[in-house]
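Peer 1: Chain A: place on chain Y using the hints.
Each chain, letter by letter, is given below.
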Amino acid sequence: DAGITQSPRHKVTETGTPVTLRCHQTENHRYMYWYRQDPGHGLRLIHYSYGVKDTDKGEVSDGYSVSRSKTEDFLLTLESATSSQTSVYFCAISEESVGLSSYNEQFFGPGTRLTVL
Amino acid sequence: RKEVEQDPGPFNVPEGATVAFNCTYSNSASQSFFWYRQDCRKEPKLLMSVYSSGNEDGRFTAQLNRASQYISLLIRDSKLSDSATYLCVPSSGGSYIPTFGRGTSLIVHP
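Which chain is which? The protein sequence lines are Y and A, in order.
The first sequence maps to residues 1 to 117 in the numbering used here.
The second sequence maps to residues 1001 to 1110 in the numbering used here.
Isolated chain Y (complex conformation) (with noise of 0.2 Å):
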């Protein structure tokens, strides 16, 4: 299994608070992504890296913001948590794609199930 890891795994916050997850690699993958995943909607992408210090925004990225000082760690922080906020995050990470695929093969991490009251 590829060097991916989540924290925490599981937090309950109150409205209004900031939260900060951490994402965390071993494998050196240039690219490193943050999800969200909620029923009926699957898989959504928040922000996503292309390298240490270059980000951008995915398709919800409303209320989050991200930050990657070095390769190894990604961080996502939501400036202040709402009800809606609540959700499953994943992250995930990729290699710099090669050959026919402009995508590679993404590696997910445990996922962080985020509880906003």
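Because the hints were derived from the structure by calculation, they are not lab data.
Treat the hints with caution; some may be incorrect.
In silico BS3-like cross-links for lysine-lysine, where the CA-CA straight-line distance does not exceed 25 Å [what the hints assert, rightly or not]:
| id | chain 1 | residue 1 | chain 2 | residue 2 |
| --- | --- | --- | --- | --- |
| 1 | Y | Lys57 | Y | Lys70 |
| 2 | Y | Lys11 | A | Lys1042 |
| 3 | A | Lys1045 | Y | Lys57 |
| 4 | Y | Lys53 | Y | Lys70 |
Peer 2: Here is chain A on its own, set in the frame of chain Y:
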């Protein structure tokens, strides 16, 4: 038309059955395709990659129809352990940002 469409199911099949799912995609520039498997409350994991017309790995066969823009996943001799959600991911045709389908749920019963 959504970028990726999958029948959410669930598909309920007995052990030993053959079952097939389809996934339609809208981006005709997609060059490669992936099927991921996701167990309940777990992370997705790659099941199969498809770069040409199809791929076969044991009981699993993926077939690509570029003209009609769909990819199918066939599972033969279903096992109880095949129960999961299967996610379709076409490449984004020049981008490294994948688009996931919502997945198809499979339940294999004794």
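Peer 1: Which numbered hints does this structure break?
Peer 2: none
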